[in-house]
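Single-letter residue listing:
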Amino acid sequence: MATRHSRTRAHAAVAPSVLVLFLWMIVPLGMTIWFSLLRYNLLDPGNESFVGLLNYEYFLTDPAFFAALGNTLKLVGGILVLTVVGGILFALLLDQPFFGRGIVRLMVIAPFFVMPTVSALVWKNLLMHPVSGMFAWVAKSFGLQPIDWFAEAPLAAVGLIVSWQWLPFATLILLTAIQSLDQEQKEAAEMDGTPALSFFFYIVLPHLARAITVVILIETIFLLNVFAEILVTTGGGPGLQTTNIPFLVYAQALLQFDVGGASAGGIVAVVLANIVAFFLVRMIGKNLEG
Amino acid sequence: MARATSTQRKVVTTASAWLVGLLIFFPILWMVITSFKTELDAFATPPKFLFFEWTTENYGIVQERSDYLRFALNSIIIAGGSTLLSLVFAVPAAWAMAFQPGKRTKDLLMWMLSTKMMPPVGALIPIYLLFRDAGLLDSRVGLIAVLCLLDLPIVVWLLYTYFKEIPGEILEASRMDGATLWREIVYVLTPMAIPGIASTLLLNVILAWNEAFWTLNLTTSDAAPLTVFIASYSSPEGLFWAKLSAASTMAIAPILVLGWFSQRQLVRGLTFGAVK
Amino acid sequence: MGKIQLKGVSKSFGTVTIIPSLDLDIDDGEFVVFVGPSGCGKSTLLRLIAGLEDASGGKIEIDGLDVTEVPPAKRALSMVFQSYALYPHMSVRNNIGFGLKMAGQPKEVIRQKVEKAAAVLNLTNYLDRKPRQLSGGQRQRVAIGRAIVREPKAFLFDEPLSNLDAALRVQMRLEIAQLHQSLDTTMIYVTHDQVEAMTLADKIVVLHAGVIEQAGTPLELYHHPVNLFVAGFIGSPKMNFVATTVRAADPQGVTVELPGGGAVAVPVKADSVAAGAKVTLGVRPEHLKPADRGELSGDVIVTERLGGDTVLYLRPAGGAMIVVQTDGNSTTRVNDRIAVQIDPETCHLFGADGRAIPRLRRHPLADMQHPSQAH
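Protein chains in written order, with numbering that gives the first Met the number 0: chain A, 0 to 289; chain B, 0 to 275; chain C, 0 to 374.
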């Protein structure tokens, strides 16, 4: 449909968005890179000096970094496992016909729409509180000792909260994928007398492979940046037990005011994310062809 | 399945599904119930499920003591403002990409989506310092700008997919009927695209409302939206569970409703079309 | 009004050339059909005339005015799309009247014209419905109504009947033919269906890879195809092609040898061929008559009985399959061995280059104008 006089108009229509996003990308990133090469502390302004890669050296050899990296990986890994496995199971369940399917679906989807600060505080207090929390009561009813989540297993606690928030996302995506499974394939398998478990492993799971990959990649991008839940429940502690990379950077920047060091940390976070993004963009790009 | 499933199987499935659903939904349910308790009841062990004195005092207290409405207003202004602003940029861009695709359109779209994958911490410091120097810290305008940029790729992407679904022949027909570009957009494209635009708006408002990185770091009091307000309960004084519940219920209720309507957009928008 | 000329028009998309360079004249009031296989460029050509695509080269003139750079809205043409392209959010009334609204006509005038068009097309009862509430045939009529009401210089139809079922297609074909008779406006119609082409056209333009293979009246193309492509494209079932060798060539005609030993003397000009030359004999299935003796014989492999006609698929000894169309009362069965007679007047000869060898006599109906042509 393209005619000459409409092509220039098209360029003009796209330009503002491109420009604005480009600036949004380049300017902060550029500045962060620049800051990471300086010794710059907000408590000592005006005394910045160029220090090259020193900040990176400090950041990457700081035991806090390794702790944060480990926490980040544990957090992301754990949440991925919980949400993907849970997502598959719930998607399979929701695919079945039963009474009140719409309402159950609403209940399963809801957590995604709850703001992170609410989720975190409701879980920390109403559910996980070692004395008056719901979990404590359930444990005591079974004669077990209630867990003091945020003292004994803080990272797991945070992981649980975030998993709860992302489970609906995985479920929705996988449910959509399951429902796109050709009805005729199901019927063919039935004619062939395929038992349910084989049907699942040989037909459903491969069909879901793509959706599962998408879920994993997209969740990873967002999970690498878990922040609010940590800020509001543990502030990174006890000690460093719930500090992940974003929180570490935040702490260094806005709590210790070490702009230089935090900037180096920020760049490290960006590099990590880029590796993930590379794979995701490749996968989506393939899909856009279709 | 076209055939009727055996009733026994349906009963089992229904029971398990409802169990699962209630378990997942329980924290929200519990929160809402707690919001109607007195603080003492909220903290009581064993927990009281239904038989306690129901009261709406917490809702009143939250508003009086902490001026809940002000934070809610900020949320509305910031979420609404950033969404509308992103529409201004996104509608022409998506229109151009959908109807005048060039060789680089797909790459451009991919690049836009990739900007969403940058970790916010990478930009935190410069943005913070820039805002500080420009007097934009704790300002609604500043937040609207940031959130607009944050969500622009998704808005462009969603609008692009919706516009692409409009059959090109209908727009060509309007051209044959003598419509100029402007009239084509007003009389034909927009009415057909309204459902798509509405759902995009919806999803975007939800994402902006719940955004909890920039809102937490760039605001303190004047421009603070509900995310920040709730966060203030992380270091409270005295008993606060009932008030927290009331505040939280009010904060999430509208979004839960909107969220129900935007499920499909969620899949479309956040998987960037990789899952259909 | 409605005279369209294409001079040296070409179209390329990037490095791919769809139409190399094309010349065509369309007279005022003519019903021209662009026909050809998928990808031959017929829709592209239509869209170039409409202005929905820019020509890469050449000139397009409407009534003597150069419109090559003029946008579609200003060319005073109407188009009926394959998918009808109705505005889903507007009622039938507003769909039909949209073009008039864009032209700035007063409301009262629009109302009258819309109602008139609706009456002609039997849509009066549906004026306030939305497209999704209409059947395929009704939507088609709305699309036509929308086109008519603007009183364009020419109507452009892009495979309008492809999405309809067979019965509806026949009915709509009649309605379009009647429309042309009553409006007497130029119509340019694109289809891949040669039956539509034959029944509707004053002039058929056969396109192949962006090149006009032949343009002429339907019967001219039927009786005097200029090459193998046109001969094979027009007429259903398809013309039989038999590879033969020339036995003799004289002023009476060219005699060719048939597989199985027979021969037939085809009345074509003998100047371009000599004995021994390899040529292709073309004869349509409806011109082969089963008989006790004939120039060709073979075993029947498949019979198709349509009631009014019977189609026999023959495998002659040492040759490719031959299709014969004969009377519905034929009792021939599979595995029967039958002979067919060939009337030389109905044969065509094509040289090694695929071009038809000119006939000695022109078929009496070949130059007959389509009844709708009053001029």
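Quick caveat, the hints were computed from the structure, so don't treat them as lab data. One thing to keep in mind: the hints can contain errors.
Said to hold, decoys possible - Here are the simulated BS3-like pairs of lysine-lysine, each with C-alpha atoms no more than 25 Å apart in a straight line:
(1) LYS185(A) to LYS9(B)
(2) LYS129(C) to LYS163(B)
(3) LYS139(A) to LYS47(B)
Stated by the list, open to error - Facing chain B, according to a computed beta carbon distance under 7 Å, are these residues of chain C, among others:
(4) LEU51
(5) PHE80
(6) HIS88
(7) PHE97
(8) MET101
(9) PRO105
Given the structure is predicted, the values throughout are model-derived calculations rather than measurements. A virtual CB, placed ideally from N, CA and C, is assigned to each residue, including glycine.
Given hint LYS9(B) paired with LYS185(A) - CA-CA distance at most 25 Å: Holds, at roughly 19 Å.
Restraint satisfaction for LEU51(C) [CB to CB of chain B, less than 7 Å]: Holds, because the Cβ-Cβ distance from LEU51(C) to chain B comes to roughly 5 Å (cut-off 7 Å).
Restraint check, 7 Å cut-off on beta carbons, for PRO105(C) near chain B: With a minimum Cβ separation of about 16 Å from chain B (threshold 7 Å), the hint on PRO105(C) is violated.
Agreement of LYS139(A) and LYS47(B) with the hint, judged by alpha carbon distance not exceeding 25 Å: It holds: about 15 Å lies between the C-alpha atoms, which stays within 25 Å.
Interface hint outcome for HIS88(C) [beta carbon to chain B under 7 Å]: holds, 4 Å
PHE80(C) as chain B interface residue, shortest Cβ-Cβ below 7 Å: holds, 5 Å
Interface hint status, MET101(C) versus chain B (Cβ within 7 Å): The hint holds - MET101(C) has a Cβ within 7 Å of chain B, the shortest such distance being about 4 Å.
Hint validity - PHE97(C) Cβ closer than 7 Å to any chain B Cβ: holds, 5 Å
LYS129(C) paired with LYS163(B) [C-alpha distance capped at 25 Å]: Status holds; Cα separation ~22 Å.
Hint 9 from the earlier list is the only one contradicted by this structure; the remaining hints agree with it.
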